[in-house]
Amino acid sequence: MLILTCPVCGVTAEETEFHGGGEAHLTRHGPGSSDDDFEDYLFMRENPRGVHFERWRHVYGCGKWFHAARCTTTLEVFGTYPAQTTEPPKDLQKTISKKRPGWTWRDLA
Amino acid sequence: MSTRLATGGRLLNKGKPLQFTFNGKRLRGFEGDTLASALLANDQVLVGRSFKYHRPRGIVASGAEEPNGLVNLGEDGTFEPNQRVTTTELFEGLSAESQNHWPSLEFDVGAINTKLSRFLPAGFYYKMFIHPRPLWKHVYEPFIRQSAGLGRAPKVPDADTYEHFHFFCDVMVIGGGVAGLQAAKAAAVTGAKVLLVEQTAQWGGRAPVDGGTVDGKPVDNFVDEMIADLEAMPNVTLRKRLMGAGVYDHGYVLGYEQLRDHAPESSGPRHRLWRVRAGHVVTAAGAIERPLSFAGNDIPGVMLASAMRDYVVNYGVSAGDRTVVVTNNDDAYLTAFALENAGLRVPVILDARVLATDSPAMAEAKALGIRVMMGHGIAKVQGGKRVTGVGICSQAGEGAVLEEVACDAVAMSGGWSPVVHLWSHCGGKLVWDEAQAHFRPDVDKAPTGAAGEAFVSPAGAAAGDLRLAAVLGSADQAGKAAAEAVGFKHTRAKAPVGETPEEAPMMPVWLMPQGAGAALRSKAWLDYQNDVKVSDVQLAAQEGFESVEHAKRYTTLGMATDQGKLSNINGLATLAGALGSNIPDVGTTTFRPPYTPISMGAIAGEARGAVFQPIRRTPMHDWHDANGAEWEPVGQWRRPYAYVREGESTHDAVMRETKNARENLGLLDASTLGKLIVKGPDAGRFLDMLYTNMMSTLKPGKCRYGLMCSENGFLIDDGVVARIDADTFLCHTTTGGAERIHQHMEEWLQTEWWDWKVWVANVTEQYAQVAVVGPNARKALEKLGGMDVSKEALGFMEWADGELAGFKVRVYRISFSGELSYEIAVDAGQGQAFWDALMVVGHDLGVMPYGTEALHILRAEKGFIMIGDETDGTVIPQDLGLDWAISKKKDDYLGKRAQARTHMTDPERWKLVGLETLSGAVLPDGAYAVGEGVNANGQRTVIGRVTSSYHSPNLGKGIAMGLVLHGPDRMGEVLEFPGTEGATFKARIVDPVFYDKHGEKANV
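Taken in order, these protein sequences are the chains called A and B.
Under this note's numbering, think of the first position of the first sequence as 1384, with each following residue one higher.
Under this note's numbering, think of the first position of the second sequence as 67, with each following residue one higher.
Since the hints were derived computationally from the structure, they do not count as laboratory data.
These figures come from a predicted structure and were not determined experimentally.
Beta carbons are placed, not taken as given, at the ideal position from N, Cα and C, and that holds for glycine.
One thing to keep in mind: the hints can contain errors.
[To be verified] Straight-line distance between alpha carbons at most 25 Å, and here's what the computed PhoX-like set of lysine-lysine pairs gives: (1) B:LYS955 to B:LYS823; (2) B:LYS495 to A:LYS1482; (3) A:LYS1447 to B:LYS768; (4) B:LYS768 to B:LYS954; (5) B:LYS955 to B:LYS768; (6) B:LYS977 to B:LYS768; (7) A:LYS1482 to B:LYS511; (8) B:LYS956 to B:LYS725; (9) B:LYS725 to B:LYS745; (10) B:LYS845 to B:LYS768; (11) B:LYS823 to A:LYS1447; (12) B:LYS511 to A:LYS1481; (13) B:LYS962 to B:LYS977; (14) A:LYS1481 to B:LYS495.
[To be verified] To be clear about the criterion: a stretch of chain A counts as covered by chain B if any three or more of its residues have a C-beta under 8 Å from a C-beta of chain B, and this derived list gives those stretches: (15) 1410-1422; (16) 1455-1463; (17) 1469-1475.
Given these sequences and hints, build the entire structure.
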């Protein structure tokens, strides 16, 4: 059971206080998008062994969505950050680079 | 025979004899006994039958690794199967019965399987029962089901109580042997908050039995002193009878405390589940001795050498008068010495090793006059339900018997395996230790926590340090490291110095003798409970099951209730040998929590009965209850299904309520409907994205029915939206949908359109809502008096705030019944009073409350869909003929792109129609319509299914809705619906609106 810190209200709590919401930073494709783009948006997901960016909701707390950068093999949490962004903060990416040189995720590295 | 010795038994209180029964036989033991030691003291060596061959089985071990001694314990409300005799403490009146035998333990019919064992090899069930297919259902499956499972399932609810307990500490030490004690002390002196837990009722682990000195004093004195020291420290919590069951992510540990299993007469919960958050975990869980694989190693009387030593020293119990010791290491000699000290005979020690000079242990044995045979082993154990002797052979040979020795017990030792389970639960890796022939924790690859730090340290035997001196050193280090890891400074205090006699290295022995032929190998057991032999694992390898995980599942090695604690390494080594590869290359199977089975009661804790799930009640709940409501769960709500009167059936009540709502006046408690306030300058724009229809154009004072889809295009909810003012909407959701839809809205607002100025509040429970339905609805409101509810003042699909009979109300003119209908919201606290007022004014107007089933029939008569009936997560609005509720003007809404996919626009999708049986009977809900021909599986082609089906009292016949291939184009066609037990229903496709097709009744 993970321990996560909600970046919105600052509470550090057990996983049971949160709810996982799948992969972070999806780009919505609506009407007019190609079949391939729409399929990617709706169904295709990263399944990394290592660095991953996920959505979580502090469901039994402040109710806010946020993002977490986490290692799927060691369960290390590199950081959490608010959901109102289209990519992970630069300083967090740097932190990850220090701990996991050569990491990649989608087109991030 | 096994018996109680006149002297010895350090754990016994001989002043307190206890009575207990085994298979109805009355037996005696002492306080301090385990059930296992008490059974052995009563010469009850035979304790069970194996799973597959029903072989007679005796006690092998003295702890949690015991594979054979499983019993049904207790009776009625305290009955529990599969309890381990070795870990069950004896108490007055204990009642146990053995398992997996028929008709009796001594004489078992299933034992014929052992004669057939040649025909029941690994994978037998897979090979045998696959063909011919039709036999599976009626012959094979019932047979396998009957022979599957150990013990009996309890028949009555558990009479005991259980609880959960949350605990937080800096360092948790699992295991209360000398390693655990030393680690706890080393951590505690730094000031860290320490929790030390021990699964048994004694501190000290094996050390008091195995002996040695610490700082020159006997090890039991050391244990006593350590306990006294730790108990005096305010920052240390000590708990016995508490097993570390599992180690999980980020330092979460489950502990299983058995509070009353040894003292059933005391009060309080039986088990307590500890949910621990530890900064650092030290696993000091010890090691488990391995059996040796020789023919007949499962015959009752063959035991682990360490277990036999435990029974003699701890419980004053001898397993036999003459015990042959067979070993590949020096440790087993301790058993020979303990037996000799107790005045028992050891005719011979068979040591598979060939050493250039005698080890210290060998020399001591010889000095005691015990015969030691180097390079020898057991060819075969003689005996059936009891050991009668052994045939001795050369370990290097093929099993030719050189000599036979009479004995009634065999003590075996194949070396020791650290208990690595807790280390491995959360990803700790293992390394193969060539010298000691076991896997031990690889401290460089520890489980890691939230910051990437190692959060588990192994200590003592669990780390692979088997000798007392090494145990204390590694435990001291682990304790200090644990405290340091959570920010405490440790002192330079020196570890105590342990001393035990020198030992010669052990020698791995995976098969005895090493050249044993097929006949011997097929009687050399690896997994006692599941009957897996050396020959089975070799067969699996030969048949291509090369992965250890596959071989495990094919042979069932390690899949019994002991989870391979004894058999694992021997099985891996056998597999590696058969594959011609190395043990570390073959690897291990995955260790999963819990370490030993824990009770379902402990997992449930207090969450039983009414506490299991909260029930949501409307403000009028008690009135419904007092007026005959039969309850229906809807989400977490309870709603009246129908109000049943004296002398009336439920069906009668439903029919009465349905008719009355159309003829007079019905009241429905609609408080459970979700009510979400959506407010802000961008609220209209937001709802245009959420609903398929246009909401931003709705005028204040008006209502509009809306559909909500997921981004995948499928219908997820529906309901009426009322525009309150320019930037405020009130969205009604389905009863079960309020929280879900609220979260759906929040998700899109927070994660996609976070710059839109919209707020959402769930006000479902703030209001009581009553649907006043039927031709007399307006009259009832007029009798209440107050606001103008005429058609002119408040038209269909409008709402207004006002007062009725002095209540502050908001009235919506909306209708889910097709009748003249007002849905009236009042403050939740006024709900019951308002309901009472309606019942009073309704008295002369024919008022009756109606329940959810009448609601369903009324909406089905009108062809209104119900989320969850007409929809199942694969249905889009277009399937339901709801195109009118999908805006053509909007560029976008959630689900719009998905609904443009080719399979969503496919004319072959089943569409909603009405169905009317030719006979007037009611179609079975969910029945399928069959067409011409068969599908690839030879089943009849299906062309539709029933989604809702009722008897309509207003129409006097069965009506239904369903999804049918090309349905709307086939009006008037008759379809065939096979029912159960050979019945077939014929139904005609009709318009789904059965009643008041033009909606004149609601709009008056």
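Comparing the hints with the structure gives:
{"no.": "1", "hint": "B:LYS955 to B:LYS823", "verdict": "holds, 23 Å"}
{"no.": "2", "hint": "B:LYS495 to A:LYS1482", "verdict": "holds, 20 Å"}
{"no.": "3", "hint": "A:LYS1447 to B:LYS768", "verdict": "violated, 32 Å"}
{"no.": "4", "hint": "B:LYS768 to B:LYS954", "verdict": "holds, 21 Å"}
{"no.": "5", "hint": "B:LYS955 to B:LYS768", "verdict": "holds, 20 Å"}
{"no.": "6", "hint": "B:LYS977 to B:LYS768", "verdict": "violated, 31 Å"}
{"no.": "7", "hint": "A:LYS1482 to B:LYS511", "verdict": "holds, 16 Å"}
{"no.": "8", "hint": "B:LYS956 to B:LYS725", "verdict": "violated, 41 Å"}
{"no.": "9", "hint": "B:LYS725 to B:LYS745", "verdict": "violated, 40 Å"}
{"no.": "10", "hint": "B:LYS845 to B:LYS768", "verdict": "holds, 23 Å"}
{"no.": "11", "hint": "B:LYS823 to A:LYS1447", "verdict": "holds, 16 Å"}
{"no.": "12", "hint": "B:LYS511 to A:LYS1481", "verdict": "holds, 19 Å"}
{"no.": "13", "hint": "B:LYS962 to B:LYS977", "verdict": "holds, 19 Å"}
{"no.": "14", "hint": "A:LYS1481 to B:LYS495", "verdict": "holds, 24 Å"}
{"no.": "15", "hint": "1410-1422", "verdict": "holds (count 8)"}
{"no.": "16", "hint": "1455-1463", "verdict": "holds (count 5)"}
{"no.": "17", "hint": "1469-1475", "verdict": "violated (count 0)"}
The earlier numbered hints that this structure contradicts are 3, 6, 8, 9 and 17.
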